[in-house]
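Participant: One-letter residues, chain by chain:
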Amino acid sequence: MLRAPSRGFGWIPHWSWWAGVAASFASFLALPAFVSEYALLQLSVIAVLSMLGVSEGFLWGFSGILSFGQTAFFGLGGYTYAVAALNSDHTALPLLGAIILPGLLAAIVGYFMIYGRIGEIYVSVITLVVTLILEKTMRATSSDEYVIGSVRLGGQNGIPTVPPLNVPFTADGTLGLTGVYFLSGICLLAIYVGLALALRHRWGRVLVAIRENERRAELLGYDSRIYKLWAFVVAGMIAGFAGALYGIWGNFVSPEMFSLGQSAQILIWVIVGGRTILAGPIVGCAVIQYLTAALGTAAVGQVTLVLGVILMLAVVLFREGVLPAAWSGVHRIQSRLRRAD
Amino acid sequence: MSFTRRQFIRTATGALAYVSSAAILESAGLAAAKPIKLGNILDKTGGLNIYCLGQIDAIALAVDEINAAGGLLGRPVELLFYDSQSNNQLNAQYAAQALLQDKVDVLHAGVTSSSREVMRPIVHRYRGLYFYNSLYEGGVCDRLFYNTGITPGQQLQVMIPAAVKKFGKKCYIIAADYNYGTITAKWVQKFLRDQGAQDVAVEFFPLDVNNFSPLIARIQQKSPNFVFSALVGAAHMSFYRQYAASGVKKTIPIASGTYGLGLENTQLSPDENEGILVCASYLPAIATPENKAFLDGMNKKYPGKYSYVPEYAEYGYVGVKLWAEGVKKANSVEHEKVIKALDSGTFVHAPSGMVKLDPQTHHVVRDLHLAVGNREQSFTVLESFSQLQPIDTQSVCNLIKEPNTNKQFEIKL
Amino acid sequence: MEQAIIVAYQAVYAIAFLILISLGLAVIFGMMRVINLAQGEFMMLGAYCCNLAVKHGMALWPSFALAALAVGAFGMLIERILIRFLYGRIIDTLLATWGLSIFIVGGTTIIMGPTTESIPAPFGTMTVGGYGVPTYTLFLIAFAVLALIVTYVLLRYTTAGLVARGTMQNPVMAAALGVPPEAVYMLTFGFGSALTGLAGAVIAPLSGVSPTMGGFFIAKMFITVIVGGQMALLGTLSASTIFGGISGTVDYLVNSVVGDICVLVVAIALLRFLPLGITGRFHRGV
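Residue numbers (my numbering), protein chains in the order written: chain L, 858 to 1198; chain Z, 143 to 555; chain C, 823 to 1108.
For reference, chain L alone in the conformation it holds in the complex (with noise of 0.2 Å):
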């Protein structure tokens, strides 16, 4: 977990945290082993919307900024894959641009607001704004003038045969279930690492103290405004991949991917799982997907009320989040055990 530098050496963490790292890996990696195909379909979808949540969480838990807006990020990078991989025939570089347009989007926004001065509240409103553009925007391009190249954008449908990614090295292979489940992992794992390491370097805490108090950062001499847009575009790249990785599970992207709806899940994910631990997120995600697609399947009637019901107790009753709520009891059991003897 990633609290204050108590021990480890400096940004770098202590070997227990590396151990844990290690372990999940290690269990990911011989999970296909054990389960089903069907299982590991599931496993990428999750592995793939955690990195969103933990994009989202990064921004609004360490960066105090909280977006509404990922979900543009991450629709922008789903089609900017969709439209350059079906219009060329390579894959590698339409991954990058899902990666770098998004970043590119998410740094004209941010410089419009950071830089803007614009209130907690307000920032919350104008990312919710342009992932609404975007969403109505892209829904209403189903006729067939709307077309980059030789790709329809689909409007409300979206774009249903996005091809897998290639693999390079070889004449014609793509990646296939078992693949797209390694690489989703793959990717989620280093992300978080990359940013549990950055949160611990200078620029990191630098980050948490402009969250904890802006203006005391800034009369410490720090510009807060360039570390908060960096922070902005850096979880725009992630969302914006992310995307792009959801297009290649799902052979397919829609304005859905824009939806208020998808906003909500990130948002109650990263609530769920607890804003002040990086991990937080993936955990929200785990949890909120399997219960949905357990819920589908059972004769609840109505999932959106046991989501509702979640939300709202989660909110009242965790004020950082399930996760922490739980780790903190597991600390206070652990304090009383070893003061009882």
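Hints are computed from structural coordinates only; laboratory data are not their basis.
In this text the structure is predicted, and so the values were computed from the model without any measurement.
One should not assume that every hint holds.
As the list claims (entries may be wrong) - Computed cross-link-like contacts, BS3-like style, restricted to lysine-lysine with a CA-CA straight-line distance of at most 25 Å: (1) Z:Lys554 <-> Z:Lys543; (2) Z:Lys447 <-> C:Lys877; (3) Z:Lys364 <-> Z:Lys332; (4) L:Lys993 <-> C:Lys1042; (5) Z:Lys311 <-> Z:Lys332; (6) Z:Lys179 <-> Z:Lys463.
Guided by the hints, dock chains Z and C onto chain L, whose structure is given.
Facilitator: Leaving out everything else, chains Z and C in the frame of chain L:
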């Protein structure tokens, strides 16, 4: 779904299984045999469920009737239902689950075009058999795919000439803004031209628009003889209400290819429903003995729930029955054998009349009925047309000559 | 000339519509700084109440009153069991009320089914600039103006309004003077909810009533109120005028997608240059 608790069983795979009641299975002597699995993915919750709820119930009814009559090949049919919650990601996930994990023998799934296009590649990847029981824009040419609904070419080839004859030559076209709407609008324009008539304007509306007063003002400005509507969804229903409220309906009537599918007629007042021209393949008012049995079955199984049985319900019912015919003919559930059997001239006597499978396109030949909204929140049949071919898909698709096609063609008009 | 009249009428109607639906949220946000994302669902509940009442034989006007009272009572309940734990935590209220909104949608679908019968608009038709429009639209415009004026008078000139405003400014002082702040919060939230329920009932004859209808309106309400800024009523009035004017004219002249996007782009621009909303710089007044 008003299934009794005993009828729920959780299979080892976690899917929700519906089995016909013990009484039915016992009396048919099927209680002990290994079931044939039918996977059904539809939106029971979410904004699209208005189209699906009738179909979900009708499919369950069809399964019951098959089991009561002795099952298929001496085995009971078990229905595995997945609620995709109007969410395409779940459509993809459940299709994979149904084929990979629960190993269903046939999939009856999806009502929207986007859900279908998400599921078809999955059906191909894991080799399934896919029945799409819905009205859609036409053009899908895919050996593992069967459509039991109607397509615009089929419907409009009789509807537009009738509308022009009844109302006049100038038409204002409005449609939902996605591929079904845009393709339907093109077909309307084609058939109008064939009649020497013309469209004075074409407009498309995203699915969340619910304020139509600017449109209604524009319609009055252009003064057409009638309005053709291919609007879809709960928000678009306000068009019919606002149109009647503005008084224009008396002078400029409405013809619609989609009105009634979402049970709009049961929700609008007699004033608002009266006079709207539709052309449907199924209406509860159709006077065949099969329809009487179907409506009786629905009312007995779901008492009080269906004062008006929607068209999509009949599609689902027919889909299951057609597949069952194929299985019986093939004497197997293996996909290749069933497909061959289905393509050898299979038909059923459906509540709407005879429904025949067209082997060239894997779409169906159906009767169509021209009807008009009445003051009882229902429709009065004006004229019936028998056995209309799916001409739109036939113009681009030939699975007999090229069985390996797997594509949705955009029909050029 | 006829064109100009009908365009103007469309604009006025759009403005009035926005005012009507945003008034409740404006009171709640302006007075209590609470963002209630379930406000759209309150509208939906008001519409359902009105529908059910009319179906059971009540006349239209009493149905409106019933809808307002019912949703007001529901709002007070929600304030007691959810909102009051989250005062000051503006983002947390946003999220919790989002959860509430999806909960209400799910619950309504279970109880009422996904569709419901609806009621036709009374009063027939009239002509504006040569085009037939439902006379009910004129009634809606008048109603919106009336609601705005009544709310303003209530908040500005009555003792109850004074007490409410005072409690919001300084709850400790109000308590010292003998006013229980919790009761004031509850009643104010209830009043805002009642206004929104009433709005839902009033628009019910013209739009389809379904469990998901709230979603169509919440974005509009939310953006109008936030861009309006601190002052509840003046802010909502100015924001509604701008956005309603734009959407009314562009919707008619082009189409509604372009109209919506124009409104959204203008919203972003306004927030960029007036970061606290249109009335952000005013500290006093309603």
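Participant: Hint by hint, note whether the structure agrees.
Facilitator: These are the hints, each one checked on the structure:
Between the alpha carbons of Lys554 of chain Z and Lys543 of chain Z the distance comes to roughly 21 Å, so the proposed pair stays at or under 25 Å and holds. Only pairs whose Cα atoms come within 25 Å are accepted, and Lys447 of chain Z paired with Lys877 of chain C is accepted, the gap being roughly 18 Å. Straight-line distance between C-alpha atoms of Lys364 of chain Z and Lys332 of chain Z comes to about 20 Å, which keeps the hinted pair within the 25 Å bound. Annotation: proposed proximity of Lys993 of chain L to Lys1042 of chain C holds, straight-line Cα distance about 14 Å (limit 25 Å).
Distance check on the hinted pair: Lys311 of chain Z and Lys332 of chain Z sit about 13 Å apart at the alpha-carbon level, within 25 Å; holds. For the given pair, Lys179 of chain Z sits about 14 Å from Lys463 of chain Z by alpha-carbon distance, which is consistent with the 25 Å threshold.
Every hint from the earlier list agrees with this structure, and none is contradicted.
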